[in-house]
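Protein chains in written order, with the working numbering: chain A, 4 to 533; chain B, 4 to 533.
Treat each hint with caution, since some may be false.
Note that the list lumps identical chains together, so a pair holds whenever it fits in one copy or between two copies.
[Stated by the list, open to error] Capping the alpha-carbon separation at 16 Å, the derived lysine to aspartate or glutamate pairs in EDC-like fashion look like this: (1) 406 / 384; (2) 406 / 324; (3) 446 / 54; (4) 393 / 260; (5) 235 / 419; (6) 446 / 260; (7) 282 / 317; (8) 70 / 498; (9) 99 / 80.
Treat the hints as calculated values from the structure; they're not laboratory data.
There are 2 protein chains.
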Amino acid sequence: MVLGMSILNGESLTSSGASFSAKNPATGEKLEPIFHSASVNDANRAASLAEDAFAVYRRLPGSARAKFLRHIASGIEGIATPLVDRAHLESALPEKRLQGELARTANQLRMFAQLVEEGSWAMARIDPAEPERTPLPRADIRSVLRPLGPVAVFGASNFPLAFSVAGGDTASALAAGNPVIVKAHPAHPGTSELVGQVINRSVKECGLPAGTFALLFDAGTEVGVALVTHPKVKAVGFTGSLAGGKALMQHAASRLEPIPCFMEMSSTNPFFVLPEALKARASSIAGGLFTSFTLGLGQMCTKPGLIFLPVNGDADLFVKELAGHVNAAGIAPMLTEGIHNHYISGVKERQRHAGVEMLAQAGSATEADALPALLQTSGSDVLQDAELRKELFGPCTLIARYKDRDELFALANALEGQLTATVHGTDEDFAEFGDLLQVLEGKAGRLIVNGYPTGVEVCHAMIHGGPYPSTSDSRFTSVGSQAIFRFARPVCFQDFPQALLPDELKDENPLGVWRMINGALTRDAVVPKA
Amino acid sequence: MVLGMSILNGESLTSSGASFSAKNPATGEKLEPIFHSASVNDANRAASLAEDAFAVYRRLPGSARAKFLRHIASGIEGIATPLVDRAHLESALPEKRLQGELARTANQLRMFAQLVEEGSWAMARIDPAEPERTPLPRADIRSVLRPLGPVAVFGASNFPLAFSVAGGDTASALAAGNPVIVKAHPAHPGTSELVGQVINRSVKECGLPAGTFALLFDAGTEVGVALVTHPKVKAVGFTGSLAGGKALMQHAASRLEPIPCFMEMSSTNPFFVLPEALKARASSIAGGLFTSFTLGLGQMCTKPGLIFLPVNGDADLFVKELAGHVNAAGIAPMLTEGIHNHYISGVKERQRHAGVEMLAQAGSATEADALPALLQTSGSDVLQDAELRKELFGPCTLIARYKDRDELFALANALEGQLTATVHGTDEDFAEFGDLLQVLEGKAGRLIVNGYPTGVEVCHAMIHGGPYPSTSDSRFTSVGSQAIFRFARPVCFQDFPQALLPDELKDENPLGVWRMINGALTRDAVVPKA
Chain A
4 MVLGMSILNG ESLTSSGASF SAKNPATGEK LEPIFHSASV NDANRAASLA
54 EDAFAVYRRL PGSARAKFLR HIASGIEGIA TPLVDRAHLE SALPEKRLQG
104 ELARTANQLR MFAQLVEEGS WAMARIDPAE PERTPLPRAD IRSVLRPLGP
154 VAVFGASNFP LAFSVAGGDT ASALAAGNPV IVKAHPAHPG TSELVGQVIN
204 RSVKECGLPA GTFALLFDAG TEVGVALVTH PKVKAVGFTG SLAGGKALMQ
254 HAASRLEPIP CFMEMSSTNP FFVLPEALKA RASSIAGGLF TSFTLGLGQM
304 CTKPGLIFLP VNGDADLFVK ELAGHVNAAG IAPMLTEGIH NHYISGVKER
354 QRHAGVEMLA QAGSATEADA LPALLQTSGS DVLQDAELRK ELFGPCTLIA
404 RYKDRDELFA LANALEGQLT ATVHGTDEDF AEFGDLLQVL EGKAGRLIVN
454 GYPTGVEVCH AMIHGGPYPS TSDSRFTSVG SQAIFRFARP VCFQDFPQAL
504 LPDELKDENP LGVWRMINGA LTRDAVVPKA
Chain B
4 MVLGMSILNG ESLTSSGASF SAKNPATGEK LEPIFHSASV NDANRAASLA
54 EDAFAVYRRL PGSARAKFLR HIASGIEGIA TPLVDRAHLE SALPEKRLQG
104 ELARTANQLR MFAQLVEEGS WAMARIDPAE PERTPLPRAD IRSVLRPLGP
154 VAVFGASNFP LAFSVAGGDT ASALAAGNPV IVKAHPAHPG TSELVGQVIN
204 RSVKECGLPA GTFALLFDAG TEVGVALVTH PKVKAVGFTG SLAGGKALMQ
254 HAASRLEPIP CFMEMSSTNP FFVLPEALKA RASSIAGGLF TSFTLGLGQM
304 CTKPGLIFLP VNGDADLFVK ELAGHVNAAG IAPMLTEGIH NHYISGVKER
354 QRHAGVEMLA QAGSATEADA LPALLQTSGS DVLQDAELRK ELFGPCTLIA
404 RYKDRDELFA LANALEGQLT ATVHGTDEDF AEFGDLLQVL EGKAGRLIVN
454 GYPTGVEVCH AMIHGGPYPS TSDSRFTSVG SQAIFRFARP VCFQDFPQAL
504 LPDELKDENP LGVWRMINGA LTRDAVVPKA
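Using the sequences plus the hints, can you model the full thing?
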């Protein structure tokens, strides 16, 4: 039941901070109950409790953390109906989409459960002692990934389940052995509280310290800043706007002890359709692209927002077909008034640009509805105006028509860091434009050939990351099992007695994990020298 | 031959910047020839050339990068005599130590050569397409580690070979596929230039683009800042002082595009001797500890600088024995006048502290010589004064006597992030003080039982890293094969045609590397579905 309360020390918290309400984006009406912002003191207390909990939680075996994660997954599934109902009221996202997102959230928790139960993720490495080596003997050196400490997680607006309270950041941080303090996104507080209650119940029923998890509400930014700058908080996971992410990065970098952050912030997701592909599959690509850039009302981190097409008749036909889809598009309200206003003003801003033409726009039903829009300009405009290369959240995309191969490569080289880059082409295209993929490899975390960037698969090989400003650190991902590496550090154990070693590093390999022994991967035991 | 010139675009560079000379720390005399600082323009040019080189170098197979690294290793061995002679003149480090360091430098290059030739380091992952999956088919998702781009490397003063021009930062960055621009340490410019010439020759003889490597001299900080803030530089490796590292971290964080940095900066390397170990092995530990904290005149990142002992008679005897070693210690000049002055004033600073007592100090031969020193104070002093917990570079150590178990744990908890933490204990000690290792695990990158922190082994399991301020990011290491992970990022390839995939990700596994297929490690090929 939604109480309008933060969760701290295992209990719902009576806060006296600024109050706020969730709003139904479809109707504009305020939703019950009223929520109260937590205080900086609450944030400090959450950090202290998390540090206390860390001393216990980080020592649990992977099997215990796995049980906890599965308990959360089942708990979320157990309240699927009220949870989806509330999330639908708060986000206006279709129920079917939210049901899918709920399944993804539960599956994600179970993926991390399996990962840490199996244990090989921790990259155990053993270089056994060589007492006979000359001129100097070698000590026994072993290393394995261990948790960082309390992690602050910021829920995202656009995935009220999968990138929020029990989303990928929380799941991967808990899996690695870190307590988590979530700063809830104020756009879906009821959804957040319901999921927070599930996690809190799992904490209790798994016998974990209360500080393993906390959920804090705040209508403003005070609590978030307090968490990121608290000495006991050791890492940050964030999905949100470039401005918000940059501000928190600066806070993290200015600490007495700077801490690792992973901010997923901003991406235009460039999309190239090469000449022969345009000839061969214009209609199919136009349909797929339309679906992709309007999916979830364009409120996706991986929405293709910049489409590169040549100046030729095939591209003209492609654009015409795409415009037809947009003109006939269904419409729906966006996630929040703020996002909606930002989208409307962003589209207007682009239209004010002399070279930008509005090719198609869906009609409007109510003020809250987002109008899918198709804009077009020249490659040289996009080269000259960096604003046109920036993300605009919402169901619009901008077509840039390049006049020749040189301009195409200039455009690719001018791109900032991206989560994804997509190229549609035939074998012939790739023979001619193969270098384009090489340029894009330097720009994006995920390259897609003849597909679409939305619909991010949660799997072992997925990378949802990329060079700045798409994320704060291109060496990590926030989706897929590799997301756990954000929240772990290698610790080396030299000449440790067997009994004091983590299980992953004991000679007999009691967990049966993959380990690197003298540089070679194996699941064998270490045979001590006679 | 030492020319006194930077190396840029494959050639020795005539620079007109401020001139400086190397100085023989043993005699104070200036060494020939005169060096000239490079300019900010030179740094900009190096960055542009590196970016151009990157387009070619990053596409080379691991076998080609391995050949290059081995070529450098052989080249360094080929000039071993003049190189050690010059390094000895510039650093006053004993020739035998420098010969060992040269061997380590060459071995390190060969270790990375083997790593990238074998290829499994790149963590290839494949989740094959599932076209029949419902409700949605799964795309083919593959990822592998790829290089970041041009890396700026800052040579350290204390390892003129192994942490300098061809040291671990350069070797790991080149191995991963990144061009390297080295800002030479001005304390050993001749050594730097000789090694730079070797690398430059290897670049030529391996047919690589000239921008793959550059070496820039600067008596000041301009060139270093220009490199760290240059838009085309994509990562930084640094070993040096806390002040220098922090300044560069701020520069990197303030860029329009912040970049990953690994700064190895400062560590006191706490060393605990537990009560039963003191009873059982006082003499042996005192001897080992003395050797460790005076090794290389205490000019080691892992020098044990803070020794925790109980207040009891066993510890008194231990201290007396340690003092005897120090009184009889050999003396020698430190690396530079600046380091020497800093050491002298640092020891004096500590002596001014009311609670700190000088227990022993070696005699002095010349002004340049460093005086090994043994200081002692109480645990409560160390708890109260954070200055006493900071690194002091040089052959001294500070003993802190704790009065009880609570004070011991308070001291351990008060520690900042460390490269290493060492505990000497018997089984009985660990039964009583086992929690101490748990506390220290949160503080240090490497934990040592009944050993000594100096003498960092270059191997697969080594971690030479740790929480801030020992390094800028506890998730990485600058020594051992895992150092390569600092300079690589995962890139995901979705639905790529086989021909366009990196070799590591091709179905048939042409490189024979270990890969994760559907979450399981294997060297098998991917069998495409019929």
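Against the structure, the hints come out as follows:
Taking the shortest alpha-carbon separations for residue 406 and residue 384, only the intra-copy value of 12 Å comes in at or below 16 Å, while the best inter-copy value is 72 Å. When the C-alpha separation of residue 406 and residue 324 is checked against a cutoff of 16 Å, the pair qualifies neither within a copy, at 21 Å, nor between copies, at 81 Å. When the C-alpha separation of residue 446 and residue 54 is checked against a cutoff of 16 Å, the pair qualifies only between copies, where the shortest distance is 13 Å, while the shortest distance within a copy is 38 Å. Taking the shortest alpha-carbon separations for residue 393 and residue 260, only the inter-copy value of 14 Å comes in at or below 16 Å, while the best intra-copy value is 32 Å.
Taking identical chains as interchangeable, the C-alpha atoms of residue 235 and residue 419 lie at most 16 Å apart only when they sit on different chains, with a minimum of 12 Å there against 34 Å within one chain. In the homo-oligomer, the alpha carbons of residue 446 and residue 260 lie at most 16 Å apart only across protomers (12 Å), although the nearest pairing inside one protomer, at 30 Å, exceeds that limit. When the C-alpha separation of residue 282 and residue 317 is checked against a cutoff of 16 Å, the pair qualifies only within one copy, where the shortest distance is 6 Å, while the shortest distance between copies is 87 Å. When the C-alpha separation of residue 70 and residue 498 is checked against a cutoff of 16 Å, the pair qualifies neither within a copy, at 32 Å, nor between copies, at 34 Å.
In this homomeric assembly, residue 99 and residue 80 come within 16 Å of each other (Cα to Cα) only inside a single copy, at 15 Å, whereas the closest approach across copies is 67 Å.
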